[in-house]
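Could you use the hints to bring the two separately framed chains together as a complex?
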Amino acid sequence: MIKLGIPSKGRLMEDTFAWFAARGVTLARTGSDREYAAEVKGVEGVSLVLLSAGEIPREMAAGRIHLGVTGTDMVREKISLWEEKIVPVAEMEFGYADLIIAVPDFWADVETVGDLDAVAAAFRKEHGFRMRIATKYHRLVREYLQRQGVADYQLIDSQGATEGTVANLTAEAVADITTTGATLKANHLRMLSDGPILASQATLFASKVADWSGCDLNKLMGVLNLENPDIS
Amino acid sequence: MDRIRQETERLSRLFREAGAVSVETSVLQPSDTLLDLYGEDIRARAYVTSDPVLGEQMLRPDFTVPVVQQHMKDGAEPARYTYQGLVFRAQEAGTGRPSEYTQVGYEVFDRADPAGADAEVFSLFSKALSGFSVTAATGDIGILTAAVSGLSTTERRRDALLRHIWRPVRFRALLDRFSSTSTREVPAFNSEAPQIGLRSAVEVESRLSALRTDAEFAPLEPSELQALQAILDVSDVAPKALVELRQIAKDLPAITPALDQLETRLSSMAQRGIDVDNLNFAGAYGRTTMEYYDGFVFGFHGETGVPVATGGRYDALTKVLGQGREIPAVGGVIRPELLEVLA
Numbered sequence: 025m026i027k028l029g030i031p032s033k034g035r036l037m038e039d040t041f042a043w044f045a046a047r048g049v050t051l052a053r054t055g056s057d058r059e060y061a062a063e064v065k066g067v068e069g070v071s072l073v074l075l076s077a078g079e080i081p082r083e084m085a086a087g088r089i090h091l092g093v094t095g096t097d098m099v100r101e102k103i104s105l106w107e108e109k110i111v112p113v114a115e116m117e118f119g120y121a122d123l124i125i126a127v128p129d130f131w132a133d134v135e136t137v138g139d140l141d142a143v144a145a146a147f148r149k150e151h152g153f154r155m156r157i158a159t160k161y162h163r164l165v166r167e168y169l170q171r172q173g174v175a176d177y178q179l180i181d182s183q184g185a186t187e188g189t190v191a192n193l194t195a196e197a198v199a200d201i202t203t204t205g206a207t208l209k210a211n212h213l214r215m216l217s218d219g220p221i222l223a224s225q226a227t228l229f230a231s232k233v234a235d236w237s238g239c240d241l242n243k244l245m246g247v248l249n250l251e252n253p254d255i256s
Numbered sequence: 004m005d006r007i008r009q010e011t012e013r014l015s016r017l018f019r020e021a022g023a024v025s026v027e028t029s030v031l032q033p034s035d036t037l038l039d040l041y042g043e044d045i046r047a048r049a050y051v052t053s054d055p056v057l058g059e060q061m062l063r064p065d066f067t068v069p070v071v072q073q074h075m076k077d078g079a080e081p082a083r084y085t086y087q088g089l090v091f092r093a094q095e096a097g098t099g100r101p102s103e104y105t106q107v108g109y110e111v112f113d114r115a116d117p118a119g120a121d122a123e124v125f126s127l128f129s130k131a132l133s134g135f136s137v138t139a140a141t142g143d144i145g146i147l148t149a150a151v152s153g154l155s156t157t158e159r160r161r162d163a164l165l166r167h168i169w170r171p172v173r174f175r176a177l178l179d180r181f182s183s184t185s186t187r188e189v190p191a192f193n194s195e196a197p198q199i200g201l202r203s204a205v206e207v208e209s210r211l212s213a214l215r216t217d218a219e220f221a222p223l224e225p226s227e228l229q230a231l232q233a234i235l236d237v238s239d240v241a242p243k244a245l246v247e248l249r250q251i252a253k254d255l256p257a258i259t260p261a262l263d264q265l266e267t268r269l270s271s272m273a274q275r276g277i278d279v280d281n282l283n284f285a286g287a288y289g290r291t292t293m294e295y296y297d298g299f300v301f302g303f304h305g306e307t308g309v310p311v312a313t314g315g316r317y318d319a320l321t322k323v324l325g326q327g328r329e330i331p332a333v334g335g336v337i338r339p340e341l342l343e344v345l346a
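In order, the protein sequences belong to chains A and B.
For the first sequence, my numbering gives the first residue as 25, with consecutive numbering after it.
For the second sequence, my numbering gives the first residue as 4, with consecutive numbering after it.
Here chain B stands alone, though its shape is the one from the complex (with noise of 0.2 Å):
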């Protein structure tokens, strides 16, 4: 136990030392916030419980979001945080995970360069685990979205697949329906059935001649839906990734000002000392991690199991959570008690 207080106090010193202000967040936070984040899929995952006053609320089941509610309220700019205490998963029966564990966290929120932000948080963790025997995994959901942003189709078939970038099958099986010359019979409007629900004969009608049109459109470009395949099938070290991610651009140029960031990450990367030639990058890494990375994602991984560390950019947490104000973010967390065994 002694040994775990002393590595997050180790962990801390570090983030404070890089600059970050100690932070704290409240163990009980509201429900709704949350779900309206992540969804019905994190009430299997977080604590529920209920206050007669407070309404609904859960163990915090990380703190990225609270800390990014504290910033968005009254942080001032640039800022560095850093935060440690327990955060709480409920865990199906029998896979022994914890339930509670200790999270020691580092936030950066800083308009002036991206890149150099995201180079100095992987830096960092990188230092503060250079004593352990993991290994780095990097992605960039960032390429992804911009592939998928530049698809030559529709603006409705571009945000259907932009919704479900984390969820792997639904995106699946939305780029299927999308390749190929539509089969559906679109039914007219049942005006016998009685109108029950919240949900009008509006909403209905609108859809359905949202899908008459939808049908009408030619099937995704097999060349454009080929680089994509290619992008989520990348994985390699960083600088090949890159000259790889450059060839599919030819195909799906929109891509390019993401691998341009890519490519400037990097030489911050090397600029910190980072040893990017043998730097891990894959093109699906983090898609199915927590849904609000939106850019630069890592890991860092022991042998097996869970990673001990993980983190990314998430600018459009801030907005979602800014009330019409949004800042560019990234941060990451590391798990003490997982480096134990690592040491």
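Bound conformation, chain A alone (with noise of 0.2 Å):
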């Protein structure tokens, strides 16, 4: 049996949903609204298990489901040498996410990477400690200032409401997901013009470290009219 891990609320949910029907695939939440069930039709050996969507690569990359429905920033962040464990096999052009640096949009100063840089030297000499970037891509944010060779900054753990942290004085500048870049004008800020860190979008990957014995991928990929990943 196949266990097909998606997420397991919101929008993601239904889009994912939409995904698979499209393809000539059901797949339904049973029970009650606030029941974690669900069954698949269209398809015969498939399994679905809803869970978070932050939770889906863990998942993947303890070989506890077989094919997950979470974004590219999800595993990249959580999961290190995640190619080793995990591989794409469809981008579902959905869920689309940027992983952006934001800072307050009157720094007229401040307009790429470089002079993120050049005023975090500055503003640790004015105020005495580095400069702090709210985010919850710990891991993402680091590698990319590190390959930039920005100094003098600090990574603050925010898990929600980032955009708020700079108004709130707990935060300098921010590193978060956007899509629209509503939020961030909203709350005063303008993403920096180099690019984002990581361009995101919902993917269906599969587990490297799954055991697959008894599972019939390729009939599933045939259904879906996907090809067949490579997982050995």
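Keep in mind the hints are simulated off the structure, nothing from the lab.
Just to be clear, a hint being listed does not mean it is correct.
[Stated by the list, open to error] Below 20 Å or equal to it, Euclidean Cα-Cα: the simulated DMTMM-like pairs (lysine to aspartate or glutamate) are:
no., chain 1, residue 1, chain 2, residue 2
1, A, 149, B, 35
2, B, 130, B, 12
3, A, 149, B, 208
4, A, 209, A, 129
5, A, 232, A, 107
6, A, 102, A, 181
7, B, 253, B, 224
8, A, 102, B, 43
9, B, 130, B, 343
10, A, 27, A, 254
11, A, 160, B, 59
12, A, 160, B, 43
13, B, 322, B, 80
14, A, 109, B, 95
15, B, 322, B, 113
16, A, 102, B, 44
17, A, 149, B, 43
18, B, 243, B, 263
19, A, 149, B, 206
20, A, 109, A, 251
21, B, 322, B, 35
22, B, 130, B, 10
23, A, 149, B, 162
24, A, 109, A, 254
25, A, 149, B, 39
26, A, 27, A, 235
27, A, 27, A, 240
28, B, 322, A, 176
29, A, 102, B, 95
30, A, 27, A, 79
31, A, 109, A, 83
32, B, 322, B, 116
33, A, 209, B, 195
34, A, 149, B, 158
35, A, 160, A, 79
36, A, 160, B, 44
[Claimed, not checked] Incomplete in silico selection of chain A near chain B, CB under 7 Å:
no., residue
37, 104
38, 170
39, 178
40, 179
Here the structure is a predicted model, which means the values were calculated and not measured.
By construction, the Cβ of each residue, glycine as well, lies at the ideal position given by its N, Cα and C atoms.
As structure tokens, then:
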């Protein structure tokens, strides 16, 4: 039985249902609205596991589910050497999100990550501590800033309402996911001009570490009209 | 295991015989100091843990910082220290590198004769490793620093470059920016946008004005830029490297004192029996390692992989950790586990 993990609620779940439905596979929740149980119609040998989107990468990396739908950002943030454990099967063309760095809009002197670095040095001199960047994507942001050779900053953990941290004086800049930029704008923030740290979208992944014996991936890929991924 | 313990003990004895006093440090080190020193990058490399009383702590990623702190607090001068114990480094999965390993170290705090102290540490390490098939590599961050400090440009540009000596990508980006006429349109202060956050409008305006001033300055002298690049490209046996560097100094005379220091060091090394005629020297050596080395740098490498011993001069670190005091310092560490395969 192939275990397919999909996000358990919200827009991401609905879009995932629609994506599979368009390919002749009906996924549906069963029981009450609050019960996390689901069924699959249109193909045999697949069972559905509803999970929080953030847990899906970990479950795939541990081999507890065979397939999973989640964002590329989640996979890269949560799993080290992800390419060895997980393989992308299909980009699903929804759930688009860019991981970006944003600064207060009135910082007219900051356009690029190079400016941010220069400001970090001046900020530390002026305020006596390293400039704070609020994020929940610690690994991705740190690796990006390290590659870019940025110094004199610190990452502050923010698991939600990250855009509010600047006005609340708990951070000087933020690194977060954005789709339309509306939340940034509403919070008087502006993204750096260098482009996103990562452009993410919902993606169907396959686990390389799961036990695939007794699973007919080929058949499922045939029904979905996808190429069979190399999971050896 | 026994062999490693014996090796550790042999090195420690050698360092004590050279006049070093044994010191110990805690495994748990306050995160603040290390983060302020190394920046956020250290988080990816050190094990972070928390204590309800002590706050955020790191399993010691090196001995140098706590040893310097101890010395700056109550050490008599001059001083020589040795230590042995585990350091902890988080490694990215799949690299196969150990996340805890032994270091045996030797550190010298001495004002009298920096070149002599450099030579003392290097020749001691050379002696300690004499039975193993290792090659020495050396460099001198002080020459690079002197070169940047000597560029005929603004202090602001020199400071920006000096800050990134250890980050080649940003250093290169800054050099590129300073080498051509600025095409950047510096915007006016945006008084419409709400002023949120701790960084004030005054700070924004002050940088805008600095950017405007900077745009008016001429690009870096091509001859100086070439000289800087030439320093990074030097890679030869030490006497030849010195000749090349003396040649480069014609375009960048500010490096001359640093070259004199290199020359004195080489003759000190020769006096201590080091074959300097066959000693490798590279202008860029030590640039991508831990950023506290600011003078002489060295490493001993086997055929492949990470160096079995590394060290260098870190005068500036003692100033940062010394709360107003400072002392010239040089030292290094050997990793006994790595030596075993090279015997």
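Results of checking the hints against the structure:
1. The straight-line distance between the Cα atoms of residue 149(A) and residue 35(B) is roughly 17 Å, inside the 20 Å bound, and the hint therefore holds.
2. At most 20 Å may separate the alpha-carbon atoms for a hinted pair to count; residue 130(B) and residue 12(B) meet this at roughly 15 Å.
3. Taking the CA atoms of residue 149(A) and residue 208(B), the gap is near 16 Å; set against the 20 Å cutoff, the hint holds.
4. Of the supplied pair hints, the one linking residue 209(A) and residue 129(A) holds, its CA atoms being roughly 8 Å apart against a limit of 20 Å.
5. For the hint linking residue 232(A) to residue 107(A), the alpha-carbon distance of about 9 Å falls within 20 Å, and the restraint holds.
6. About 15 Å separates the Cα atoms of residue 102(A) and residue 181(A), which keeps this hinted pair within 20 Å; it holds.
7. Straight-line distance between C-alpha atoms of residue 253(B) and residue 224(B) comes to about 14 Å, which keeps the hinted pair within the 20 Å bound.
8. The straight-line distance between the Cα atoms of residue 102(A) and residue 43(B) is roughly 18 Å, inside the 20 Å bound, and the hint therefore holds.
9. The suggested pairing of residue 130(B) with residue 343(B) holds, with an alpha-carbon distance near 16 Å, which does not exceed 20 Å.
10. Between the alpha carbons of residue 27(A) and residue 254(A) the distance comes to roughly 18 Å, so the proposed pair stays at or under 20 Å and holds.
11. Restraint check for residue 160(A) and residue 59(B): the C-alpha separation of about 19 Å stays at or below 20 Å, so the hint holds.
12. Pair hint residue 160(A) plus residue 43(B) holds up; C-alpha atoms about 15 Å apart against a cutoff of 20 Å.
13. Taken as a hint, the residue 322(B) and residue 80(B) pair is honoured in the structure, with Cα atoms around 15 Å apart against an allowance of 20 Å.
14. Taking the CA atoms of residue 109(A) and residue 95(B), the gap is near 14 Å; set against the 20 Å cutoff, the hint holds.
15. For the given pair, residue 322(B) sits about 14 Å from residue 113(B) by alpha-carbon distance, which is consistent with the 20 Å threshold.
16. Of the pairs offered as hints, the one joining residue 102(A) and residue 44(B) holds, with about 18 Å between alpha carbons and a cut-off of 20 Å not exceeded.
17. The straight-line distance between the Cα atoms of residue 149(A) and residue 43(B) is roughly 17 Å, inside the 20 Å bound, and the hint therefore holds.
18. For the hint pairing residue 243(B) with residue 263(B), the CA-to-CA distance comes to about 14 Å; that is within 20 Å, so the pair holds.
19. This hinted pair checks out: residue 149(A) and residue 206(B) have alpha carbons roughly 11 Å apart, not beyond 20 Å.
20. Of the pairs offered as hints, the one joining residue 109(A) and residue 251(A) holds, with about 19 Å between alpha carbons and a cut-off of 20 Å not exceeded.
21. Taking the CA atoms of residue 322(B) and residue 35(B), the gap is near 17 Å; set against the 20 Å cutoff, the hint holds.
22. Between the alpha carbons of residue 130(B) and residue 10(B) the distance comes to roughly 14 Å, so the proposed pair stays at or under 20 Å and holds.
23. Pair hint residue 149(A) plus residue 162(B) holds up; C-alpha atoms about 13 Å apart against a cutoff of 20 Å.
24. A hinted pair counts as satisfied when its Cα atoms are at most 20 Å apart, and residue 109(A) with residue 254(A) qualifies at roughly 12 Å.
25. For the given pair, residue 149(A) sits about 12 Å from residue 39(B) by alpha-carbon distance, which is consistent with the 20 Å threshold.
26. At most 20 Å may separate the alpha-carbon atoms for a hinted pair to count; residue 27(A) and residue 235(A) meet this at roughly 10 Å.
27. For a cut-off of 20 Å, the pair hint linking residue 27(A) to residue 240(A) stands: about 11 Å separates their Cα positions.
28. Distance restraint check for residue 322(B) and residue 176(A): the Cα-Cα separation of roughly 18 Å lies within the 20 Å cut-off, and the hinted pair is therefore satisfied.
29. For the suggested pair residue 102(A) and residue 95(B), the alpha carbons sit about 13 Å apart, so the restraint of at most 20 Å is met.
30. Among the hinted pairs, residue 27(A) with residue 79(A) is consistent with the structure: their alpha-carbon atoms are about 14 Å apart, no more than 20 Å.
31. Restraint check: the Cα-Cα separation between residue 109(A) and residue 83(A) comes to about 11 Å, which is no more than 20 Å; the hinted pair holds.
32. Among the hinted pairs, residue 322(B) with residue 116(B) is consistent with the structure: their alpha-carbon atoms are about 18 Å apart, no more than 20 Å.
33. Of the supplied pair hints, the one linking residue 209(A) and residue 195(B) holds, its CA atoms being roughly 13 Å apart against a limit of 20 Å.
34. For the hint pairing residue 149(A) with residue 158(B), the CA-to-CA distance comes to about 16 Å; that is within 20 Å, so the pair holds.
35. Between residue 160(A) and residue 79(A) the CA atoms are separated by roughly 14 Å; this keeps the pair inside 20 Å, and the hint holds.
36. Taking the CA atoms of residue 160(A) and residue 44(B), the gap is near 16 Å; set against the 20 Å cutoff, the hint holds.
37. The criterion of a C-beta within 7 Å of any C-beta in chain B is met by residue 104(A), whose closest approach is roughly 5 Å, and the hint holds.
38. Look at residue 170(A): its Cβ gets to within about 5 Å of chain B, closer than 7 Å, so that hint holds up.
39. A cut of 7 Å between beta carbons decides the hint on residue 178(A): the least distance to chain B is about 6 Å, and the hint holds.
40. Interface restraint check for residue 179(A): the shortest CB-CB distance to chain B comes to about 6 Å, inside 7 Å, so the restraint holds.
Checked against the numbered hints given earlier, the structure satisfies every one of them.
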